[in-house]
Structure formats: C-alpha cells, structure tokens
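*Asks:* Each of the two chains sits in its own frame; use the hints to bring them together as a complex.
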Amino acid sequence: MCRLFALTSEEPQSPMMAVRALDVMREGHDGSGVGLFLSDLGGPLEEMRGAPILSGIFSNEGLKRLDQFMIGIGFMTKYKMSIKIPKSPPPGVPKRDVYLIRAYEYPETWEGLSQEELDYRLLMTRLQLRQMGEEKGDMIIYSFWPDVIMLKELGDPLTVAEYLQLERKELQARVIMAQGRQNTNYAINLYACHPFFIQGIASMTNGENTAFVPIREFLSSRGFPGYMGYQSDSEVFTHILHFTLHRLGMGIEAYKHIITPLQDDDLKGHPQEGLLKTLKQSCRRLIIDGPNCVIGCLPDKSLFMVQDRKKLRPGVVGGRPGLYAFSSEICGLDATIPDRNKNEDFQPMHLDTAIVGPDRLEVKICSQMDSLPLPH
Amino acid sequence: MLSNGFITPSSLSVKDLPWQIRWEKDKCTLCGRCAAVCPVHTLELGVFRKRMVSTPDLSHLTPANPPATVYQTYHGVRQKTDPAYACVGCATCSLVCPNDCIMPFRTDEADKFRFHLNRGGQARNRGGRRNAPDAAQGGLLDQIKFTRISMLTDPALDAGRHEFELRSLLGRILPPEESLKLFHEQGWTPPVREIYPLLIGGMSFGALSPNMWEGIQMGVSYLNEEMGMPVRICTGEGGCPPRLLRSRFLKYVILQIASGYFGWDEIIHSLPHMKEDPCAVEIKYGQGAKPGDGGLLMWYKVNKLIAAIRGVPAGVSLPSPPTHQTKYSIEEAVAKMIQSMYMAWGFRVPVFPKISGTSTALAVLNNLTRNPYAGALAIDGEDGGTGAAYAVSMDHMGHPIASNLRDCYLNLVKLGRQNEIPLIAGGGVGKNGKLAANAAALIMLGASVVQTGKYIMQAAAGCVGSEADRCNICNIGLCPKGITSQDSRIYRRLDPEKVAERVVDVYLSFDTELKKIVAPLGRSTSLPIGMSDALAINDKSAAERLHIDYVV
Numbered sequence: 000m001c002r003l004f005a006l007t008s009e010e011p012q013s014p015m016m017a018v019r020a021l022d023v024m025r026e027g028h029d030g031s032g033v034g035l036f037l038s039d040l041g042g043p044l045e046e047m048r049g050a051p052i053l054s055g056i057f058s059n060e061g062l063k064r065l066d067q068f069m070i071g072i073g074f075m076t077k078y079k080m081s082i083k084i085p086k087s088p089p090p091g092v093p094k095r096d097v098y099l100i101r102a103y104e105y106p107e108t109w110e111g112l113s114q115e116e117l118d119y120r121l122l123m124t125r126l127q128l129r130q131m132g133e134e135k136g137d138m139i140i141y142s143f144w145p146d147v148i149m150l151k152e153l154g155d156p157l158t159v160a161e162y163l164q165l166e167r168k169e170l171q172a173r174v175i176m177a178q179g180r181q182n183t184n185y186a187i188n189l190y191a192c193h194p195f196f197i198q199g200i201a202s203m204t205n206g207e208n209t210a211f212v213p214i215r216e217f218l219s220s221r222g223f224p225g226y227m228g229y230q231s232d233s234e235v236f237t238h239i240l241h242f243t244l245h246r247l248g249m250g251i252e253a254y255k256h257i258i259t260p261l262q263d264d265d266l267k268g269h270p271q272e273g274l275l276k277t278l279k280q281s282c283r284r285l286i287i288d289g290p291n292c293v294i295g296c297l298p299d300k301s302l303f304m305v306q307d308r309k310k311l312r313p314g315v316v317g318g319r320p321g322l323y324a325f326s327s328e329i330c331g332l333d334a335t336i337p338d339r340n341k342n343e344d345f346q347p348m349h350l351d352t353a354i355v356g357p358d359r360l361e362v363k364i365c366s367q368m369d370s371l372p373l374p375h
Numbered sequence: 000m001l002s003n004g005f006i007t008p009s010s011l012s013v014k015d016l017p018w019q020i021r022w023e024k025d026k027c028t029l030c031g032r033c034a035a036v037c038p039v040h041t042l043e044l045g046v047f048r049k050r051m052v053s054t055p056d057l058s059h060l061t062p063a064n065p066p067a068t069v070y071q072t073y074h075g076v077r078q079k080t081d082p083a084y085a086c087v088g089c090a091t092c093s094l095v096c097p098n099d100c101i102m103p104f105r106t107d108e109a110d111k112f113r114f115h116l117n118r119g120g121q122a123r124n125r126g127g128r129r130n131a132p133d134a135a136q137g138g139l140l141d142q143i144k145f146t147r148i149s150m151l152t153d154p155a156l157d158a159g160r161h162e163f164e165l166r167s168l169l170g171r172i173l174p175p176e177e178s179l180k181l182f183h184e185q186g187w188t189p190p191v192r193e194i195y196p197l198l199i200g201g202m203s204f205g206a207l208s209p210n211m212w213e214g215i216q217m218g219v220s221y222l223n224e225e226m227g228m229p230v231r232i233c234t235g236e237g238g239c240p241p242r243l244l245r246s247r248f249l250k251y252v253i254l255q256i257a258s259g260y261f262g263w264d265e266i267i268h269s270l271p272h273m274k275e276d277p278c279a280v281e282i283k284y285g286q287g288a289k290p291g292d293g294g295l296l297m298w299y300k301v302n303k304l305i306a307a308i309r310g311v312p313a314g315v316s317l318p319s320p321p322t323h324q325t326k327y328s329i330e331e332a333v334a335k336m337i338q339s340m341y342m343a344w345g346f347r348v349p350v351f352p353k354i355s356g357t358s359t360a361l362a363v364l365n366n367l368t369r370n371p372y373a374g375a376l377a378i379d380g381e382d383g384g385t386g387a388a389y390a391v392s393m394d395h396m397g398h399p400i401a402s403n404l405r406d407c408y409l410n411l412v413k414l415g416r417q418n419e420i421p422l423i424a425g426g427g428v429g430k431n432g433k434l435a436a437n438a439a440a441l442i443m444l445g446a447s448v449v450q451t452g453k454y455i456m457q458a459a460a461g462c463v464g465s466e467a468d469r470c471n472i473c474n475i476g477l478c479p480k481g482i483t484s485q486d487s488r489i490y491r492r493l494d495p496e497k498v499a500e501r502v503v504d505v506y507l508s509f510d511t512e513l514k515k516i517v518a519p520l521g522r523s524t525s526l527p528i529g530m531s532d533a534l535a536i537n538d539k540s541a542a543e544r545l546h547i548d549y550v551v
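Heads up: the sequence lines are chains Y and D, in that order.
Per numbering that gives the first Met the number 0, the very first residue in the first sequence carries number 0; after that it's consecutive.
Per numbering that gives the first Met the number 0, the very first residue in the second sequence carries number 0; after that it's consecutive.
Isolated chain D, as found in the complex (with noise of 0.2 Å):
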C-alpha cells in the first residue's frame, strides 16, 4: 500500500484472501497467459521496483566509482485484492503456464474474503455445491460398508465373468394383482422404463454450454446404441435444442418442467414433430442445492440461443419462481399437472416430480402413493450442485439425502408401496469420488434410481469446482472449462467428442465398480434395491437411524 493509501473495510492484503497465487519470477517467461485466461481478471501487470547494490568489475572500481545502489524494474503478475476479483482458486493460470511457474494455494487460515462477498448489498451468489469443511473425511455414505459377504454358505459371484441384470424401474408400477388383472382386461396401465440405475441428472442447457450438453447427449446415445446401456439423462429447466426433439435420441431424455416453465412452448410446438417419446417428464417442484428456491440462470448466461430456446428476451437473468404459481395444494393441483403432462404425450410417458430433500418429503410420498398417475419420487438431497444459488441457500438449507430416502422407502414398506412409487435419490452422490459405492449404498437403503451431476460435470469434462469453495463460478459464465459459459470463445476450449468419451468412461467403470460391489454380496439378478442387511457403518446413532446394522 502507498503511504498515501486510504483504508475501506474491503481493503484486504493478498493473505486476507482464500487463494493466493505464488508466481515465480526465475521461471516466468512474461508471455503473459495467466492473466488472459484469468476467468475472473484476479491477475493484473506487476511492475515491480527493485533497489540493487551494483558493484564495478574490479578493474573499473576506483573511488570516483564506487559501488553504488541501482534501482531496477522488473515485469510479472499481480495479484488482486480487491474482493471484486479475488483469486477464485481455478488454476487454470497453472494450466496454460508453460514454465510451471504460477500456481494458486489456499490460505492457512479462515480468510477474511467471506465478510466482503456482499458488496452493493448482493447477497453471494455462486455455482457448485454445500461447501462443506468435513469433505475431505468423507461423507455418510462414504462411511456406509457393505458387510453382508457370501462366504461358503452361499458362493461370491464373479463380478468380471458372471451375468448381471442391474437394471431399474421408472414409472408406477402397479400391484401384481392389479397389473394382472388390468393385463387381461387390456386396460390402461401406467408406462413404465427400463433404466440404468445412474440417471445424469437435471443440468440445463443454459446452465450448461452448448458443447457440455451435446458432449453428455452424445455420450449418453453411444452408452444405449452401442454398449446396451440404457442410460438416461435429464434436461433440467432450459428446455431442449429443437434438432433433439425431433431426433430419435429424444428416447433417452427425461424432459424437466419447472417453474419458469422455460423451453416448453418449443417443447409443444415440436409434439407433432417428434418421432419418439421422451423417456419420462420431471416435474421440478424442488433441487437439492437451493430448496425452496427456483432455478436461476444469470443474465451473464442469456445469449441468443439460449433466449430464443426458452423463449425470452437475451440478456436478463432467470430467476424461476419458488414455486409453481398455478399450484397451491398437492392434492388438487399438483395431480391435475402430472395428469396434464401425462396427457400431452398420450398417456404413454411416465412423469414423476422432484423436490428437494426436505423434513415434509413424507407427506408429499404419502399423497403420490394414492395419485395412481405420480411415476416416481425423486429426492435430490442437500449436497446437490446448482449453476447459480444463493450461497446461503446453497450452504445451509435441505436435508440429506441419506435419511431422507431410507424414511420415505420404510414408509412405503410399511404402505405395502415399496418399488412401486420408485425413488430416484440424488445429492452429493460421488462428492468425494465414490460414485458407485455411494450409489449401492443409496440403493440399498432403498432408491430404485440415483442420479448424479456434478460428478459427470467432473468426470466427464474435468470440472474444478469442490466443497473448499474453488472455483464454483458457473453462475457467471465464465467457466475456465467451458462447461458452464456461454462464450464461444471460452466455450470452444471443450472438444464435444471427448467430452462423449468421458461419459461413457464413467458409465463403464461404473458398472465395473457396481457389480464389484453386488457380486459379493450374492446379487446379480435384480438390483438390491432395499437390501439394508448388506450395510453396515461404524456410527452407532446413523445407525440407528437408518435401520442399518452397527459396526466396529
């Protein structure tokens, strides 16, 4: 700071801030990258003044020459603080430095940044998931084990050589008697899919880049038409590309309905168009990340495109309302819109709602298990992603997933419903990398389905964003990756096709690590769907809660 300097409260030193970038000047080639590829313009020009002792060769050195002190400058980065363009930890500096030479790292201490992410009276806003500090020790499901090993009495299964028929229900599926009976009657019986377990869950086009979207789209098409996977994936609230809708892959895409209801009325315009139903129709009343809250697309994300196919004006944000502002009760209202959406398609394709993890999800299970048309539940539980949400919403409201899902299937065990209202569980799955096992955990406490996002936004194009609070700026578009921008020029760093490739990496060693995971535990020919005498977890009270066995 210059002695003339003035201090404001926001006035922070390079420590007060979460990342601080070490930049070093022996190898820095001045070429400048770092700073051009900064997402949030964190690094400036650094025009340093340096004082030197400079000392004559000594056959100059005379008193008339003595050694004398030299000013210097020398070029490098700088490192904002202003919080407007605090470090936001991406490292994608660190990425295009050729010589290795600048890199971000996190402060040793709470930083003092969070009480300045609010200027202009703007609550934070960000992308990513509940920072939650305890990550790194894994959470509940990672602790969950699977101990109930077939051991002599009845032979592991060979999880490389051995068939399997790991796949799920979507859609209501009725009691057997009813579904015999309606059988030979040729009634009318509610549809129902046959899908992977592993849904993508709901991730907008808008929220997500064009490259992003076709990247898992395609992905998802080489998982069903080549590898025999039935995969599915969810549009979540922007609607679908009109060349989709009339493709023949529309089959392996679930269409989500919120409660901005963008992208529908291209949607209806294209029904006569479409030469295949849509898998199933969600109709988002709630999301993990923000419960209780809508959809929020940020204007910095509303380009031409993304207007045009939700139907609005380019360059405003999108908040969706909390709610569906037609819907007031569940029992009168909510039923009318599934029997709606039900409609729309012939009666043909399955529609279920999600809501966000929360204390009430019972009553919501409750009435859906007499509405004969609800297809499904689906449960995204707190440690869900988001592209934008209000940081508080983000960090401390929801449920989790884990307590949330095991009360709601022992309800409907005790209903006699189990399996036939399946519940699609999300939040968190894979947040420390352990997809399939937190998958088969889920599954066991009794999800027929679990879905994931984020993980694929990882996985599949090498999203940075974690629970320590790096990077997490989807919600401005400016995603060093390109996944979540809607900037060609950013955009275009995302190669679709290995995008493509990745997903269906994922999938693969997915199934691997699931039947790795089943196979010893006797399974194979239906998915253990409520197999709790498998899991243990060495806590005794979330044992407890969750009927599970304790173990030490």
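Just chain Y, same shape as in the assembly (with noise of 0.2 Å):
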C-alpha cells in the first residue's frame, strides 16, 4: 500500500518535515519510491512567485537539449537550485546526472497573453518535453508551473532524501505533498509515481483504482492534450479533479459528487437533486470505484482528502491553526504534529470531504449530504 503524507503550514517547513512522517509509517509502505509536490514554496523561489519552475530529471545530454529548446521559445533561466550528489547513489537509486530545480522568465513574446492562454502554454511546453525525453530517454519532465516543484525519485523515501540533501535551507514551503512507494500495478516508471500534477493542480492515492480502463479512456477522448500518461491507474484522479473545476467549472465540493455520486435514496433528499443526478449521469463514466484515498492541493493551494463510497483506505487530518497535516496514518500525525488537540482529528467516511483552506485556520468538513455551492 502507499502511504500519503500532506502538510500545509503558516511558516515554510522543509520536505524533511513529511519524509520523515512517511518514514514512522514505515510498515505500510515498501519504501520503493518517494514522490514530492511543493507549492507556496519559502526560500528564495518566493519572490519569485510568478516565475514557472522547471522541475525534472536530466542526464548531461538531455540538458543541453532542454537549454536548446528553452532558448529557442525564449526562456530565460531566472533561479536555478543545484543539488550536488555524491559520486555514488545509496542501493536501490538509480544514478543520474541532474536533478533540475529551475525558475525561468516568460519568453517576452508571451507579455500580455491571458492567464488562460499562458496556462496553456505551459502545460504544453512540459508535455513537449516530456516527448522530447521519450524520444531519447534523456529527460524525465515532473512540472512546469509557477510555484510548484515536484521530485520523484525510486528507492527508500529517506535514504533518497538524505541522498539528495533535501535538508537545505533553500527549499521550503508551506504546502508539501509526500507519496512512499513506487506504483506497483504497472511498469516502474517515475511517470507512475505519484504525486500527479497538472496546471496548478496535484493530487496522491492511497489503493487501486478498479474503473482505471474506463476512466482513461474517457479523459483521453476529451480533446485536452493534458489528459494523458496515465502509467499509473491514480494519474486519473488528478485529471478528474482538473476536469470538474476547469471544464466543469465548479469547485471542490462538487468532485466528491462526480467520482463517488450519491445513491439514489439519498439523492431523493437533497436540495439540489435535480443538479446532482444531472451530474450523476453525465459524469457516470468518471465514478471511481476505489478503494481509494485522494489527497490533493488545489491552485489556491487549499489541501484536500477524501475517500471512495467504500472508505476501505485509512485517512486522517488533524493538527492546528497554522499547521494541519493530512496523513495515511495517525502515527505519521502524531510525529509531525505531536502537540496538536486530537481530539479534533478528523477521518473523512464515504460522503466527506476534509478541506484545509490557504488561511490554514480550520479543518473545514464537507458532507455530499449538504448543499452544494453553485458554480458562480
């Protein structure tokens, strides 16, 4: 099973913060695999909150290519992170030549643009690269977004960590996302690993998704070049999240609604019936049928947790103002967040879903049971 670890904090903290979390929940997971998602990040990428970051990784070659093809849309290199490792990896992590961490400046020809045009754009010179790294095998392409850095590496989430120096002051931030395992179901490729991330959205998955096949297809059938990979059965959750704000442009309170609707009983009460079986129908081909737990961050850089109708997953958030986590597991909580009240932990069943908001002031709880806000 995967182990999930999420934390959203006032004061920037270091990913250390949630590799070791992942590290007391150790027995759940196979530590074959880490995966990290960073936003509102700290240090000195703050300032540059606007700047696209470039997160992946690069053998020597496949740098030289990236430089080339940056330069040739007219990228500019703003910040860039260097991560020195040592000459020999530890057992179990393959050897690579880069570990890329690095902000750019917009091409000028892009001034002016609109956001969701820019938004776009992004997303399709990541998806550039990641064929470019296909082609050669020379690139492996996490995300290109402002505010976002995203690390995936295989092998024990802290032995990789450690490796890695991920201790260092300059990286930090106030939203930390944290997966341990490599995907199992199919091939090992980091593109399977989660978290999975695409414009300003990320989500992670505890369990396997059984209505995987349909799901894909559907997504892939949209017309939307973002919705693809799909190495790995839980990338679908991400892009349904995607789908419902973006395309469907209603909030986070409806995406529970879409992947596990009601039953038709409990439809029969609810204030908005007629909206919610229109959505039931539509989006049928969306229904998940888990066991499954999501934990994801939203562009607004709210953190979220919800479960399948099964609630078959372990989940839990907790903490206080100013620092709540979002943990597989109590024990990763209680490491991370010992001095929080917790009798306030909250394990999110089948119909809820567990919000902590940007102001990371309350743990706000949403039931399917209740009204849905509008799309405005």
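Worth flagging that the hints you see were computed from the coordinates, not collected in a lab.
There could be a bad hint or two in this list.
What the hints assert, rightly or not - Only some residues are given here: those of chain Y computed to face chain D with a beta carbon under 8 Å:
#1 E207
#2 T209
#3 E216
#4 S220
#5 H245
#6 G250
#7 T259
#8 H269
#9 Q271
#10 L274
#11 D288
#12 R308
#13 K309
#14 K310
#15 L311
#16 P313
Claimed, not checked - Just a few of them, taken from the derived set where beta-carbon distance is under 8 Å, the chain D residues facing chain Y:
#17 L168
#18 L173
#19 P189
#20 V191
#21 N410
#22 K413
#23 G415
#24 Q417
#25 L520
#26 G521
Quick reminder that beta carbons are idealized off the backbone N, C-alpha and C, glycines included.
*Replies:* Structure (structure tokens):
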C-alpha cells in the first residue's frame, strides 16, 4: 500500500518534515520510491512567485537539449537550485546526472497573453519536453508551473531525501505533499509515481483504481492534450479534479459528487437533487470504484482529502491553526504535529471532503448530503 | 414398407429422421396420452402383428395338438416418417406418459430429413435460434474469463454483504459540460431512464401466448414494485394489450415499433388515456435471428384477439416488410422517425433504434452520434431468437455480437462519446445457460444494457427448444408448453402466476451471480461498462480482435 502525507503550514517547512512522517509509517509502504510536491514556496523562490519552475531529472545530454529548446522559445533562466549529489547513489537509487529545479523568465513574446493562454502554453511546453525526453530517454519532466516543485525518485524515501540533501534552507514550502512507494500495478516508471500534477492541481492516491480503464478512455477522448500519461491508474484522479474545476467550472465540493455520486435514495432528499442527478448521469464515466484515499492540492493552495464510497483506505486530518497535516496513518500525524488537539482529528468517511484552506485556520468538512455551492 | 409399396424421393425410414421415438411395449398402458399431446401428430395408433410359437400344456400335448405358430396382434404407437409429421424431439410424450415408456432420441448420424423440408417449394420456417452444432462446447462469450481479480492490493468485495449499485442508463446522455449548461439554462435534455442492466428483449403479444405475456409482465412488475429492481421489458412488434397501455405498469414497458407498425393504431388511440409514459420506444430496423428480414407471425397464430390488437384480419400470415417502407436514408428519414416518436410523448420518452448485428453497424452508430435524439443503439447478434423465420436466415445470416459491440464501443471511445449513446447488446446471451457470465462479458466489452428473450422463455416457462434443432415449432402455434401458442387448449397449460415466479427467480439469481462476478473485480459503485482490462480469453485471435488479454 502507498503511504501519503501532506502538510500545509503558515511557516515554510522543509520537505524532510513530510519524508520523516512517511518514515514513521514505513510499515505501511515498501520503501520503493518517493514523490514530492512543494508549493507556496519559501526561500529564494518565494521572491519569484510568477516565474514558472521546471522540475525533472536530466542526463547531461538532456540538459543541453533542454537549454537549446528553452532558449528557442525564449525562456531565460532566472534561478536554479543546484543539487550536488554524492558520486555513488545509495543501494536501490539509480544514478542520475542532474536533478533540476529551475525558474524561468517568461519569453517576451508571451507578454500580454491571457492567463488561460499562458496556462495552456506552460502545459504544452511541459508536454513537449516530456515527449522529447521519452524519445531519447534523457529527460523526465515532472512539472513546469509557477510556485511548484516536484521530485520523484526510486528508493527508500528517507534514504533518497538524505542523498539529495533535501534539508537545505533554500528548499522550503508551505504546502508539501509526499508519497512513499513506487507504482506497482503497472511497469516501474517514474511517470507512474505520485503525486501527479496538471495546471496547478496535484493529487496523490492510496489504493488501486478498479475503474481505471473506462475513466482513462473517457479522459483521453476529451480532446485536451494534458489528459495523457496514465502510467499509473491514480493519475486519473488528478485529471478528474482538473476536469471538475476547469471544464465543469465547479468547486472542490463537487469533486466527490463526480467520483462517488450519492446513491439514489440519498439523492431523493437532497436540496440539489436535479443538479446532482444531472452530474451523476453525465459524469457516470468518471465514477471511481475505489478503494482509494485521495489527497490533493488546489490552485489556491487548499489541501483536501476524500475517500471512495467503500472507505476501505486509511486517512486522517489533524493539526492546529497554522499547521495541518493529512496523513495515511495517525502515527504520521503524531510524529509531525504532536502538540495538537487529538480530539479534533478527523477521518473522512464515504461522504466527506476534508479541506484546509489557504488560511490554514481550520479543517472544513463538507458532506455530500450538504447543499452544494453553485458554480459562479 | 409393404411389398407393394413404392418409394418417393421423400420416403424416409425412421432411421433417417432426426428424432427417433423409443417406445417400450412392456411398460405402456395404452392410455393414448402421448399421441393426443404430440404437437406434430407424429404418433399414430400402431397395430402390430406378431407370430408366436404356441406350445400347449404337456397334458394337452398330443400328435393331434402339436405346437403351432399363431398370429397375435398388439397395439401401441408408431412414428410417422412423412416429413410433414416428423418428430421434433420436444418430448412432450415423455412428459405426459404415466409409465415413462416413451422418449425421443437424437439420431446417431446426420439425418436425411433436412433434405426434404422444402416440399411444395416452401423453404423451411421455424422458431428458435441459430442451430449451432458447437453450442455444447460453448460460444465465444462462454470462453471469456474475468481475470482481474482484486488480490491484496485492493481487497475483493463481499458479494453477499456489500452494497452494489448495478444500474444502467437508457437514453441519450449529454457530455458533462453540455448537460450542466442546459441544467442551468433549464433547457430540454433528453430523457434518461435508470434501468436494470438486463432487459427482456422484444417478444410480441402474438409470438407469445397471452398466458406467457401476462406471466412475464407480472414478474417484471413484481421485480419493480416489491424487489426494487428496475427491470424493463420490450413488447416486440405486436402492440400492447389496451389494459396494459392504460395501467401504471406501462412505465416498465418499452414499446416497439417495427416495419409492420402492428398494434400502433391501438397505442396511438390509447395515448390520451395513459397514466404513465412508457419506459422507452424501440424502433426495430432489424433482428439478429433474421437480419434484413421483417417480423413474421404465421397465420396459425393470428386469432381474433391478436387480430384485434394488431388491427388486421384474423387467420392471415403477418410478414412485416424487411424495412420501414418510408425510410430510405438514415440521415433524413430515420432521424425524422426518431423525432416524431419523441413528439408523441412530448419529448419525455427516450427513443432508440434496434438493428441486427452487421458489419455496417459502425455507419449506423456514427450517424446516431450526430443525432441528439437517438437514445441508444440496440444491436442484436446472430444468435438471437425468434418466433418464426426462414431457417436459412437464422442459420447463416447475421453478425456475432461480441466483435460488433466491441467495434462500436471502441468507436464511441474514439469519438469521446462512450456511454452517451448506450449500447444495448443481445443475441445468444445465456445460450448455454451462463446468463450472468455472458452479460458481464458484454458489459465489460462496452454494453450498457444486455437483452435476452430466449433465456427467459427457457427459464421462466420451460421452453424445450434447442440449437440441436429440438422442438423449434414456435412458428406454427403448437408450442407444447403453451409459450408461443395462441390456442387456448394449449396455452392454458401454462400458469401465468408460475411464469411470474420464475421470472423473479431468474432475476434474483442473475443479480447474485452478477455480484459474484463484479465483487472480486472490486467493482460495486457503478456498472463496469467497458472495463475490458478485467477480461481475457484463451484464443489469441479473439483476444486481438476484441482488444482484451490473451491468457493460457
């Protein structure tokens, strides 16, 4: 099983905080890989909020091709974080040339573009780079987006984190998501490692998605270039969230209604029966069948957790104003925020969405039985 | 044969017939029930002459009274060999025999009877399904296995205790963006019905006896109202009894309109009196059992009641044209027909076409995707059943359902419209008794709904017809079980209440089996339509064709 840990903190934190929580939960994962998502960054990158940051792994050859490509478009390097790694990696971690975290200045020709167009171009640039990397096997691209850093590698999470010296002061964030385990359902592939990211939205999942194939077929046929990849059955959760927010114009409260709609008897008494029925019918192809616990981050830096209808996976949210964490297990939460009121810990059940907003003041619970805020 | 007999080309011996009747003289009580009940009158009184050696008691044995040959006669039954009266193997004689002394057996080699079924230049007509000699080995659907078993990484579910929502949608489903927009604008959206994924396919009032029809309708109503299972039934082309049209049970019924338009006069006249809308309207363009051919109700079955409901004279054969006479192109006329059917119920009832499996199904489907009113597409494969058709159509025409359905589903995936036009698949589902496994395989290949008719006749009423050409005389109205007869002396044998009970039995057991299939796959929240990663087959070319795993 995967183990997941996410935190949102007023003060920037080191990703080690999340990696250590994963280590506490090590009985629940096999230590085969780690994935990290950092946003609402601290350190030097905090000053460059608008600049898109490219995260990935490159060979020396790939780096040269990257530079050529980016210069060709007009991207100028604004800041780069150099990760100097020891010559030989620890057992279980492959040898890489460069772990890249680099912020860019937008091309001049992109000035004046609408936000939507800008977002689209960033996505397309990432996809182009990914394709180039797949052709020659010299680049792996995780994200290319302002205020987002991602890192994924094979190996035991704590070992990898120490090897990459993640406890450096320039690498800090207020929102951190971490997942420990390489994907095991399909071929071992770094693109199959959670968290997944698309246009400001990230999510990671515990559990297998038994409805994967029909959902993948639906998303791939939307005609949106970002709905691709699917080396892991969990990537669809990120894309369904993207679909909900961007294509349907609905909020996070609707996400649960898309992936696990209410059963008919419950729908009958619901204040928005008509709307929910429309959603249930037209989004039927996006219904997941679990068992899954999904933790995700929204473009406004809210963190959330949902469970599938069966609620077979563990998941808990707890903390104190200013620091909240979402964890697969309570021991992860205990290790990270021992000084919280444990009575307020919340384990979302089959109808709940637990959200901690960007203000980090409280855990907001919305139940599917509640009235749904209408899209604006 | 007598010494002065003569031989015609169609003089057959009992050996040449497909079914041979074994009769045991020792057990026979000469009650005559077998001969009376035989639907094809193959049994006639047999008067047999037998030579015996009669030996007197020793005390009477004298030269004047020696042992002698005597001739005795005894009575029994004899099997007619005239092809017109050949035994059909229904075994109703065995059913009624008080002493179990009579039973038909299949001949041990290919019969010669098949060459003589066209006397008078009449090509053979029959009911039933494609006579597929390999049926016993299992059709393709039976070979499909469900291999994606949830093991440890995602726990398998408990089919007996977990909650399941195994429902499907019938009607045009709009893309999410569009349906939300229309919801907010309060615009018209196509009607959608939530139904149980196993539909009872079209079997007309006329093809079926009144008792059979009533029994199935009662069973369906019970399933809906007492068991909470939204099971639906299609009328077939023969209209609907006026009492049902005016009842609240109409909502469980899909009204079929086909090329003969039989019964629609009555339906149109009932419109103002309807308490409920029907579930849907099916426009039949084709049928898997007799593709490219219209419905057929032979004159034997057109009695006064049937004639009244269909609005035709009694005692004449009712062959529907192979195509709707006014429909010459799908773009224009079919679209219009779909729309006019919508109009009849104020755009509140889904309308969908049914075609027979064909290599041109994709062209039909592609067209329907562009018609926002098309509520579904039903495809009926070559193994579908019928009450009457030319044997050649049944045995040789048509397209197997699996690849036809799969192509259509994958085409919808390419267009991004999978499940927006629900695909209804039928034709040989449960042919070998494996109803739930066949239905689940079709659902995972891409069907939203599966339909079956023949299985219901077999399981709910004891139809004895088989693909080894047993019985299959539905066409002439002499069904020994009273299922497809319009003769009250025959159909009174069938108790509608018992049929209803069996329909309920079938659905409840189907539901359990379906859960037993989807639960180990980890599915419970929604019907696993198109979950092809769960399927595999041990036939490499079939696996390639269907885009599923090949396993050995």
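*Asks:* Output the numbers, in ascending order, of every earlier hint that fails for this structure.
*Replies:* Hints 5, 6, 8, 9, 14, 16, 19 and 21 are the ones this structure does not satisfy, whereas the remaining hints hold.
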